[in-house]
Amino acid sequence: MAKRETPLLDQLESGPWPSFVTDIKRQAETKPECWDILGILELSYKERITHWKHGGIVGVFGYGGGIVGRYADVPELFPGVEHFHTIRVAQPASKYYTSANLRQLMALWEKYGSGMTNFHGSTGDIILLGTRTENLEPFFWDLTHDMGQDLGGSGSNLRTPANCIGESRCEWACYDTEEACHSMTIKYQDEIHRPAFPYKFKFKFSGCPNDCVASIARSDISVIGTWRDAIRIDQAAVKEYVAGNYPANGGAHSGKDWGKFDITKEVINLCPTDCMWMEGAELKIDDKECTRCMHCINVMPRALRPGLDKGASLCVGAKAPILDGAQFATLIIPFVKMSKDNDFEELVDFIEKVWDWWMEVGKNRERVGETMQRVGLPTFLSVMGVTPIPQHVKEPRSNPYIFWREEEVEGGFTRDIDEFRAKHKA
Amino acid sequence: MAMSKEELKKAIEEKALTSPKPQLYIKDFYACDPDTKPRDMKNVANEMVREGKLMFWSSGSTTMYAIPSRIKNEEGAGGIGNVE
Numbered sequence: 001m002a003k004r005e006t007p008l009l010d011q012l013e014s015g016p017w018p019s020f021v022t023d024i025k026r027q028a029e030t031k032p033e034c035w036d037i038l039g040i041l042e043l044s045y046k047e048r049i050t051h052w053k054h055g056g057i058v059g060v061f062g063y064g065g066g067i068v069g070r071y072a073d074v075p076e077l078f079p080g081v082e083h084f085h086t087i088r089v090a091q092p093a094s095k096y097y098t099s100a101n102l103r104q105l106m107a108l109w110e111k112y113g114s115g116m117t118n119f120h121g122s123t124g125d126i127i128l129l130g131t132r133t134e135n136l137e138p139f140f141w142d143l144t145h146d147m148g149q150d151l152g153g154s155g156s157n158l159r160t161p162a163n164c165i166g167e168s169r170c171e172w173a174c175y176d177t178e179e180a181c182h183s184m185t186i187k188y189q190d191e192i193h194r195p196a197f198p199y200k201f202k203f204k205f206s207g208c209p210n211d212c213v214a215s216i217a218r219s220d221i222s223v224i225g226t227w228r229d230a231i232r233i234d235q236a237a238v239k240e241y242v243a244g245n246y247p248a249n250g251g252a253h254s255g256k257d258w259g260k261f262d263i264t265k266e267v268i269n270l271c272p273t274d275c276m277w278m279e280g281a282e283l284k285i286d287d288k289e290c291t292r293c294m295h296c297i298n299v300m301p302r303a304l305r306p307g308l309d310k311g312a313s314l315c316v317g318a319k320a321p322i323l324d325g326a327q328f329a330t331l332i333i334p335f336v337k338m339s340k341d342n343d344f345e346e347l348v349d350f351i352e353k354v355w356d357w358w359m360e361v362g363k364n365r366e367r368v369g370e371t372m373q374r375v376g377l378p379t380f381l382s383v384m385g386v387t388p389i390p391q392h393v394k395e396p397r398s399n400p401y402i403f404w405r406e407e408e409v410e411g412g413f414t415r416d417i418d419e420f421r422a423k424h425k426a
Numbered sequence: 001m002a003m004s005k006e007e008l009k010k011a012i013e014e015k016a017l018t019s020p021k022p023q024l025y026i027k028d029f030y031a032c033d034p035d036t037k038p039r040d041m042k043n044v045a046n047e048m049v050r051e052g053k054l055m056f057w058s059s060g061s062t063t064m065y066a067i068p069s070r071i072k073n074e075e076g077a078g079g080i081g082n083v084e
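Sequence order for the protein chains is A and B.
1 is the number of the first residue of the first sequence in the working numbering; add one for each residue after it.
1 is the number of the first residue of the second sequence in the working numbering; add one for each residue after it.
These are calculated hints, taken from the structure and not from any lab test.
Errors might be hidden in some of the hints.
[As the list claims (entries may be wrong)] Just so you have them, the derived chain B footprint on chain A, three or more residues with Cβ under 8 Å:
1. 52–63
2. 108–114
3. 191–204
[To be verified] Restricting the straight-line Cα-Cα distance to at most 20 Å, the calculated cross-link-like pairs of lysine to aspartate or glutamate (EDC-like) are:
4. B:72 with A:229
5. A:310 with A:229
6. A:53 with A:73
7. B:37 with A:360
8. B:27 with A:370
9. A:239 with A:211
10. B:37 with A:356
For every residue, glycine included, the Cβ atom is placed at its ideal position computed from N, Cα and C.
Use the sequences and the hints to build the structure in full.
Here's what the structure looks like:
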């Protein structure tokens, strides 16, 4: 394949930032088909239209996910990208790799593919970009037999679950995110490899409300670690922070002089629920008002720690679509215990209840969050068998009766408003 | 009462053969037998893929099902387990 002239793409290399164009040119030195990637993109820039066909029927035997068919619609002009299929490879929990594993994976991809990768895709798995149909089965054989790795999810499947580093490195993890992610991956192999749903479905596991995998923004069921007792306070350490002997935020942001640490300004006044105050030299927290924002714990990690009665909150319905804007997940279950000892029973029960309902009620290409929006949160809670709580009400918080059905209201909805107002002022 | 597996396979095949579009969503098969639960329907459709009676078509974000001869005519490319 000949080198392509790419004057429009070349402009992308002129800025101070790293350019994918430079990367692809470098890769083209050993994989000439990469010139055709640049060529077809240059053509799209000129004609302002894509030259990739939409989807395809390729895959590996027994799997209905993990391979995404990509074909050029101008193969006569760019034969190197006539087929340019994507392969999704499941990442290890927390994305811990050995360098030997990465070298083996890259060697495999140089052998069967273009060598181009997206490490990682926004779902969390390893995206290998560009191979031909005849290379799919040999690649899959080597990946599974020589490396013991598997394909990830794509299409209307359960997507490769992802998690934060959890207890492996983080003192704030409220459950073992790696164990939960691994257990769900193994339990739901069929849903990962064979399409089951009206559309894609994602789990993500964060160990604490800092939510380092952004599960609340990009997963259909977001499992976020939390606690239901009191934040643990070391009052001696609070004094050290106030005295300036311990650096705030574990020393992060220390590249600038922020002045003396001010616990009132930097912690207490920033609490979103106003649940903290000082009594003399002691920090007090009204834990029942705490919304688990993590700010105080992040600022004073040596003084404050999550409580001891730990588990997770389950939120449902996030998505990050291109066309109509992002949607955060909604809190549905405030607390479940997360334990391998009972095979994450409460989580599994909830997942399967959501799936059974969504598979029946969800429209084609409708994420579960969109189905929830369409039927309304009260209906969703009712179907899930969840008792409404104030935290389910986004707005107005003063109007929780919206959850009540007529049969739940004494006298139905036809009571005399004047008689009611005589006793209850508006 | 839900159809037997063989009856369901026949109904799915008929639907996939006669639908105006060659690709169908899993939900399109629900109408073949309203008494079959969605998960069971998915299992039957996937079994038909393993038997070569149906084939997956994926856009990357969505997966659909099709009769191999119909979809191959449209796509003109190899498919699952077909690496010629």
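Against the structure, the hints:
1. For the region 52–63 of chain A, the stated coverage by chain B is satisfied: 10 residues place a CB nearer than 8 Å to a CB of that chain, which reaches the threshold of 3.
2. For the region 108–114 of chain A, the stated coverage by chain B is not satisfied: 0 residues place a CB nearer than 8 Å to a CB of that chain, which falls below the threshold of 3.
3. As drawn, the region 191–204 of chain A meets chain B at 7 residues by the rule of a beta-carbon pair under 8 Å; at three or more, the given contact holds.
4. With a C-alpha separation of about 59 Å, the suggested pair residue 72 of chain B and residue 229 of chain A falls outside the 20 Å cut-off, and the hint is violated.
5. The straight-line distance between the Cα atoms of residue 310 of chain A and residue 229 of chain A is roughly 8 Å, inside the 20 Å bound, and the hint therefore holds.
6. For the given pair, residue 53 of chain A sits about 6 Å from residue 73 of chain A by alpha-carbon distance, which is consistent with the 20 Å threshold.
7. Distance check on the hinted pair: residue 37 of chain B and residue 360 of chain A sit about 8 Å apart at the alpha-carbon level, within 20 Å; holds.
8. Among the hinted pairs, residue 27 of chain B with residue 370 of chain A is consistent with the structure: their alpha-carbon atoms are about 17 Å apart, no more than 20 Å.
9. For the hint pairing residue 239 of chain A with residue 211 of chain A, the CA-to-CA distance comes to about 28 Å; that exceeds 20 Å, so the pair is violated.
10. Between residue 37 of chain B and residue 356 of chain A the alpha-carbon distance is near 9 Å, which keeps this suggested pair within the 20 Å criterion.
Checked against the numbered hints above, the structure breaks hints 2, 4 and 9 and satisfies the rest.
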